[in-house]
Amino acid sequence: MASENAIQGWSGVDERSGMIIEKGHPFEGMSMNGAVLVLSGGKGSNGWSCHFHAAMILGITPAAMLFPKMDARTASAAAILGIPVVTDFEEDIFSLVESGDWIQVDGDAGIVRITKRDRPGKH
Amino acid sequence: MEHKVFLTDEENDMLLGKAGTMKQKAMEVIVRYADVLGAKKLCKITKAHLFCGAHPFMLSFPSSDPDEVISKMLFCSDEKVALDRYECPYCQSDAAPMDSEKWRSMGVAEPEAKRNEQFLHRFLDSGVHLASSCIPYMLGFVPLMGEHYVSTESHAVVLMNSLWGACGNADGVEIAFSAAACGRIPLWGTHIAENRKGTHIFRVLCNVASTHDWDLLGYTVGRKLPTHSVPVLVGAPRPNIVDLKSFFASLATTAGPEICHIVGITPEAPTLDSAMGGNKPVRDVTVTEEDLEESRRMLSDAGEGSVQYVSVGCPHYSIDQVERAARYLRGKKIAEGVTLQVWTAPQIRYLADRCGYSKVIEDAGGVVLTGSCPMVSEKLPKNAAGLAFDSAKQAHYLRPVDLMQGKKIYYGSMEQCLEAALSGMWKE
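Residue numbers (numbering that gives the first Met the number 0), protein chains in the order written: chain Y, 0 to 122; chain Z, 0 to 427.
Accuracy of the hints is not assured; some may be wrong.
Heads up, simulated BS3-like pairs for lysine-lysine below, C-alpha to C-alpha not over 30 Å straight-line [claimed, not checked]: (1) Z:Lys223 to Y:Lys22; (2) Z:Lys381 to Y:Lys22; (3) Z:Lys43 to Z:Lys3; (4) Z:Lys407 to Z:Lys223; (5) Z:Lys331 to Z:Lys407; (6) Z:Lys407 to Y:Lys22; (7) Z:Lys407 to Z:Lys101; (8) Z:Lys378 to Y:Lys22; (9) Z:Lys358 to Z:Lys381; (10) Y:Lys115 to Y:Lys22; (11) Z:Lys426 to Z:Lys381; (12) Z:Lys39 to Y:Lys68; (13) Z:Lys426 to Z:Lys331; (14) Z:Lys3 to Z:Lys17; (15) Z:Lys17 to Z:Lys43; (16) Z:Lys40 to Y:Lys68; (17) Y:Lys68 to Z:Lys196; (18) Z:Lys426 to Y:Lys22; (19) Z:Lys331 to Z:Lys378; (20) Z:Lys378 to Z:Lys358; (21) Y:Lys68 to Z:Lys279; (22) Z:Lys40 to Z:Lys279; (23) Z:Lys39 to Z:Lys196; (24) Z:Lys43 to Y:Lys68; (25) Z:Lys40 to Z:Lys3; (26) Y:Lys68 to Z:Lys3; (27) Y:Lys68 to Z:Lys223; (28) Z:Lys196 to Z:Lys279.
Computed beta-carbon distance windows for the label pairs [claimed, not checked]: (29) Z:Pro236 to Y:Gln103: 51 to 57 Å; (30) Y:Glu27 to Z:Thr285: 26 to 32 Å; (31) Y:Leu57 to Z:Thr7: 34 to 40 Å; (32) Z:Thr285 to Y:Leu95: 29 to 35 Å; (33) Y:Lys22 to Z:Lys39: 37 to 43 Å; (34) Z:Asp272 to Y:Leu95: 35 to 41 Å; (35) Y:Ile110 to Z:Ser62: 34 to 40 Å; (36) Z:Val141 to Y:Glu89: 40 to 46 Å; (37) Z:Leu204 to Y:Ile110: 44 to 50 Å; (38) Y:Gln103 to Z:Gly16: 34 to 40 Å; (39) Z:Val141 to Y:Phe88: 37 to 43 Å; (40) Z:Arg282 to Y:Glu27: 23 to 29 Å.
These aren't lab readings, by the way, just hints derived from the structure by calculation. Heads up, the beta-carbon is just placed ideally off N, CA and C, and yes, glycines get one too.
Bound-form chain Y, shown alone (with noise of 0.2 Å):
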């Protein structure tokens, strides 16, 4: 799930259900459980780690989250969550991936392979 519009968390991600509440946001209507999320940042309540915290206690949670650049809304839900985040990346992530690519992440190495839904093989 790519986006460069930033996500609200309070009002935004609806911790019960794992579904993006946002109105007028690319992804509303769609599941972050088990995506990988791909945002420009987080904007809105400062509670925003809360509501990705809460929905991992409830077993939903997105499998990784790309951003260009942290934020503190963003790092505070990386540092809480623990899933895998990567961010800086030497190339503009918005250019290289869009919603319904597959996304290889290790967060470790900080190393993210892209594959197109379109163009099976192609990385």
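Assemble chain Z onto chain Y, guided by the hints.
Frame of chain Y; chain Z shown alone:
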């Protein structure tokens, strides 16, 4: 644990558990956070504004023991930590899930209220003053220029950084509690002068004459502000603190800034040049009447309609706003079947009671509530077909909520909202 951030001997001792399990777990969280950010070292905080109470997100953890819930949800610890006094010398609570006195009128059941008090007392024992408000800066929580603090309230961070030159980031709730407990936060973001300079200029070409206009302006600037930017406002008329309370609340709704300079008003912006600090503007944006109108259309359902619920006071009303509401309602009665809630801080209600404003509002059929709001409490009227708010923040955040689907959400000035409560109808 392995870490990259530099720690002093005292910080290292906390990490090793020499100052107890609470500070150890808290320091583990802060060190992980520092490493994610790439911070080189930590700094001491002297104020912490914390989202205390039995909040819905906390209760996703299935335990009836508040200490277990606090340990897991706030200190990210699987083992129960011995809750101790926080290291930060001044802690004050943010909004709670309910009014600690008038919870019945919000539709809260007694066990829920008891559980909330139980949680609040655990925080009180840790040294947190139970102010239960999103406007800490009107209630004694005043970080000075260069002072490092944490706050769980997004608009309070922008306001205190912008107006006073204080240093705080939009850290998450868990980070804020851990920071309070160990008294440290990564030296990163607005804690460093270099990161506070303007990046985007916003030229105000629209008419901004009331608190409501400032509320709309904040929402509009936020809509146009890219992620990780520092806006600089030029050409706005002189605001007062109540205008800015609304402006920063709606700005921090549609965007995520931690500081916003207002040329001629905020201390780091005596001139546009000083606000930019040598930065070349990434963009120079104008804000017009059409932009404000677009925001209004996004926030308020079109046309007229019946209203059964009216809520004003987000962010919590100051005493002069409560008085203004009372003056509007004096000698009048709200329509039958309408609930009118006026939200403020507990301390301000004490003052409003003393001055007789609360009684005027109650005589008109309204209620003055404290310590929470419709969004934070999640206590929303199930049967209302139309709801009215004087805050872009409430209108915006409520729109996606499940219970709101199929209902009309109206947004306007305090006077428009109070008029809707009196007539039972929203009029444009």
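Results for each hint:
1. Z:Lys223 to Y:Lys22: holds, 16 Å
2. Z:Lys381 to Y:Lys22: holds, 21 Å
3. Z:Lys43 to Z:Lys3: Measuring from Cα to Cα gives roughly 18 Å; hence the hint holds.
4. Z:Lys407 to Z:Lys223: Measuring from Cα to Cα gives roughly 26 Å; hence the hint holds.
5. Z:Lys331 to Z:Lys407: With a Cα-Cα distance of about 25 Å, the restraint between Lys331 of chain Z and Lys407 of chain Z holds, given a limit of 30 Å.
6. Z:Lys407 to Y:Lys22: Distance of about 15 Å is within 30 Å: holds.
7. Z:Lys407 to Z:Lys101: holds, 27 Å
8. Z:Lys378 to Y:Lys22: holds, 21 Å
9. Z:Lys358 to Z:Lys381: Judged against 30 Å, a Cα distance of about 27 Å means the pair holds.
10. Y:Lys115 to Y:Lys22: holds, 28 Å
11. Z:Lys426 to Z:Lys381: Satisfied, since the Cα-Cα distance of roughly 22 Å is no more than 30 Å.
12. Z:Lys39 to Y:Lys68: Holds, at roughly 17 Å.
13. Z:Lys426 to Z:Lys331: Between Lys426 of chain Z and Lys331 of chain Z the Cα gap is close to 18 Å, so the pair holds against 30 Å.
14. Z:Lys3 to Z:Lys17: At roughly 20 Å apart (the allowed maximum being 30 Å), Lys17 of chain Z and Lys3 of chain Z satisfy the hint.
15. Z:Lys17 to Z:Lys43: holds, 18 Å
16. Z:Lys40 to Y:Lys68: holds, 19 Å
17. Y:Lys68 to Z:Lys196: Judged against 30 Å, a Cα distance of about 18 Å means the pair holds.
18. Z:Lys426 to Y:Lys22: holds, 25 Å
19. Z:Lys331 to Z:Lys378: holds, 27 Å
20. Z:Lys378 to Z:Lys358: holds, 24 Å
21. Y:Lys68 to Z:Lys279: holds, 20 Å
22. Z:Lys40 to Z:Lys279: holds, 29 Å
23. Z:Lys39 to Z:Lys196: holds, 20 Å
24. Z:Lys43 to Y:Lys68: holds, 25 Å
25. Z:Lys40 to Z:Lys3: Holds - the C-alpha atoms of Lys3 of chain Z and Lys40 of chain Z are around 9 Å apart, at most 30 Å.
26. Y:Lys68 to Z:Lys3: Given pair Lys68 of chain Y, Lys3 of chain Z holds - Cα atoms ~19 Å apart, limit 30 Å.
27. Y:Lys68 to Z:Lys223: This hinted pair holds, its Cα atoms lying about 19 Å apart.
28. Z:Lys196 to Z:Lys279: holds, 10 Å
29. Z:Pro236 to Y:Gln103: 51 to 57 Å: holds, 54 Å
30. Y:Glu27 to Z:Thr285: 26 to 32 Å: holds, 29 Å
31. Y:Leu57 to Z:Thr7: 34 to 40 Å: Cβ of Leu57 of chain Y to Cβ of Thr7 of chain Z: about 38 Å, so the range 34 to 40 Å holds.
32. Z:Thr285 to Y:Leu95: 29 to 35 Å: Since Thr285 of chain Z and Leu95 of chain Y have Cβ atoms about 33 Å apart, the given range 29 to 35 Å holds.
33. Y:Lys22 to Z:Lys39: 37 to 43 Å: holds, 39 Å
34. Z:Asp272 to Y:Leu95: 35 to 41 Å: holds, 38 Å
35. Y:Ile110 to Z:Ser62: 34 to 40 Å: holds, 38 Å
36. Z:Val141 to Y:Glu89: 40 to 46 Å: holds, 44 Å
37. Z:Leu204 to Y:Ile110: 44 to 50 Å: holds, 47 Å
38. Y:Gln103 to Z:Gly16: 34 to 40 Å: holds, 37 Å
39. Z:Val141 to Y:Phe88: 37 to 43 Å: Holds, at about 40 Å.
40. Z:Arg282 to Y:Glu27: 23 to 29 Å: Once the Cβ atoms are compared, 26 Å apart, the range 23 to 29 Å for Glu27 of chain Y and Arg282 of chain Z holds.
No hint from the list above goes unmet by this structure.
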